[in-house]
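Chain order of the listed sequences is H and B. Its first residue numbered 0, the first sequence is counted upward by one per residue in numbering that gives the first Met the number 0. Its first residue numbered 0, the second sequence is counted upward by one per residue in numbering that gives the first Met the number 0.
Please note: incorrect hints may appear among the correct ones.
[Said to hold, decoys possible] Taking lysine-lysine pairs in the PhoX-like style, the calculated list, with each CA pair at most 25 Å apart, reads:
#1 H/LYS335 with H/LYS61
#2 B/LYS388 with B/LYS367
#3 H/LYS287 with B/LYS170
#4 B/LYS335 with B/LYS61
#5 B/LYS170 with H/LYS170
#6 B/LYS87 with B/LYS170
[To be verified] Partial chain B-side listing against chain H, Cβ under 8 Å, derived:
#7 ALA113
#8 GLN162
#9 ASP255
Note that these hints are calculated values from the structure, not bench results. C-beta: ideal position from N, C-alpha, C; glycine also.
Here's the letter readout for the chains.
2 protein chains.
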Amino acid sequence: MKRDITILGSTGSIGTQTLEVISELESSRDHEFNVIALACGSNLQLLDEQVGRFEPELVCVKNEELQGKALTQLPDSTRVLSGPDGLKEIAALPATDLLVNALVGFIGLEPTLAGIRAGKKILLANKESLVVGGELVERELEKGSATILPIDSEHNAIFQALQAGQSDEVKRLIITASGGPFLDTPIEEIADATPEEALNHPNWDMGNRITCDSATMVNKGLEVIEAHWLFGLPYERIDAVIHPQSFVHSLVEYRDGSIIAEMGDPDMRVPIQYTLTYPDRYPNDYHKSTLAEVRRLDFRELEEERYPAFKAVVEAGEAGGNRPAAVNGADEALIKLFLDEKIRFGDIATGLNLILDAVSPVEEPTLKDLRETDEWARNSVNRFYEEGKIGFPRGEEL
Amino acid sequence: MKRDITILGSTGSIGTQTLEVISELESSRDHEFNVIALACGSNLQLLDEQVGRFEPELVCVKNEELQGKALTQLPDSTRVLSGPDGLKEIAALPATDLLVNALVGFIGLEPTLAGIRAGKKILLANKESLVVGGELVERELEKGSATILPIDSEHNAIFQALQAGQSDEVKRLIITASGGPFLDTPIEEIADATPEEALNHPNWDMGNRITCDSATMVNKGLEVIEAHWLFGLPYERIDAVIHPQSFVHSLVEYRDGSIIAEMGDPDMRVPIQYTLTYPDRYPNDYHKSTLAEVRRLDFRELEEERYPAFKAVVEAGEAGGNRPAAVNGADEALIKLFLDEKIRFGDIATGLNLILDAVSPVEEPTLKDLRETDEWARNSVNRFYEEGKIGFPRGEEL
């Protein structure tokens, strides 16, 4: 079976790893996988290499200026689109069998909706599609034949573990969390952690926002929201547990007492490959540790006092409407302030709670509502900072 | 859906737990599960209670003497059979939907074969059916529509984990082993361990043979053989790993790098219930620990020097034919001698290797061949003891 693949976000971490997996699969599978379209932001140099290697018919770049540059650099046979409209067009491309959405941020939501309307099988790594747009995505999915396969290692693990039972037999989803760099830090010291300390992630090599989110555990809160929309379970049946080794990627507890887990070395290529080949599993030669090599798997309760931002995000998910959009937008703005050393680490959680208190609730939000909430939240965070509601006490800046 | 159940070995550990599970299910499921026949050995008192509680139409006891006693004790409406022929008849009972074979020992093989010929769904806890009779069982299964669901927690875990993939995608089965009481004993001291030390099993409450087998790790060798026949994998793709907490019941490693595990508190009622309700999972209120309560899962390589008997049993499985029957019979006789303080703990492995050297190989053995091998092995073990090939050096008995 030949599969035509479109990748949105091809030059990012998940995008490049997806192309790496496709390269490996191609070498053993005789061109079963065929890349037909790529979308990226502004990394034209890497896009150029990818076009040379995979020969897609179509690419999309961030804006018209980059489109002009791309047209001169890329082969004449490559069609070049740009901007959000280009992304939507490329997401709905009739020839696409598998749509990989590895875009980072709010910009990924519209292409997901376009892909769903076009009935695509969507391999989803874009968090915002579900965190911010969960209600919209669910509404669109109900109308048609599109499906979503989660790439994220936690949700991919749950997706695999769910094959051992039926959905009404699930008691709880259990999402594992590394605990981040402050797992053993005395709680009273965490609020004053520096960016350098927060960016020191033990197991996964990720971008700055994600790494910072795994220090605050905002990422787990967002994953709880994603799991809610992906698997249709109420929030009280989605738990997170600290597992410092990140070897167990997540678990499903069934109502008979059996817990099914998916585990393995932390390597995003494995879940990426699984979504590409699903329902089949193909071999690969990625490094695989044995259990005897791993030796020990630890689990601890997630302490809410240690991770107050986690609690704020899950509360936003439970409250629903435009609130997840608010905390998601706010979180990005808060991390920027934190990395710029304008606010303390502890201000991230404070800021999220301030945003939840301040947001004007919109139930069943439209895309426009969500975009406005996102923008409002970012601006509000900066206003909180200007007003001194978050940040170092005057005179105590770093 | 109503399910008529026959239980062979109803007064043993698995048998009584099966009836306990059925009681629990009945209370919530409005007589969906109906016990129609029970077979036991000689525990007439418990059988009497079970008949009073579950009202089976038919029972089977060990021999004609007990049959006579049972006829006077049990209600007139209960038919009473006896002996191996009674077991075979009861195993093939036309009305049976689920045949639970929880017999202990060689005597369980013939009823399994009878159940297969009658096209039954067999919930199998009898080790010998596969360890000794694997080839016969496989031949019979190929002819008809019967199926086997493993009750044993390790194989039940693998059976569950196999639902997350296809059989040709399996790289390895990984059977967990508690390591038994000698996990941390200096290797050179193990051979001289006492029966009291060997019977001190940390996690599961089991009978004497099974507990002793988990100290020598013969049980894991036998489970490797069972897994070979149940799941059709070659021996080099079935591993055992030490996992002292017995929380992970076993795992399947797929060729893409994903490892799927089934875990939970060590409680045989969970796999028993799963085989009874399969493919569904019903709720229960058995105690369930959380991962945070378990805190820590350890894994270590199984050291063959520590567990020489394990190696002997797996070698018997690999060699096939009547050799597994030889080591299985020999093991029982060796354990008896050990518990009678006639031989040393280390002599169990020595005896198994002596048996493997001495056995006259029979490929594609018949039931008669297997029975003869079993008897020969038991006698040979006692001869080895008489000849001083195993046992305490003269003058050094305990």
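Non-conforming hints, listed in increasing numerical order: Violated hints: 2, 5, 6, 7; rest satisfied.
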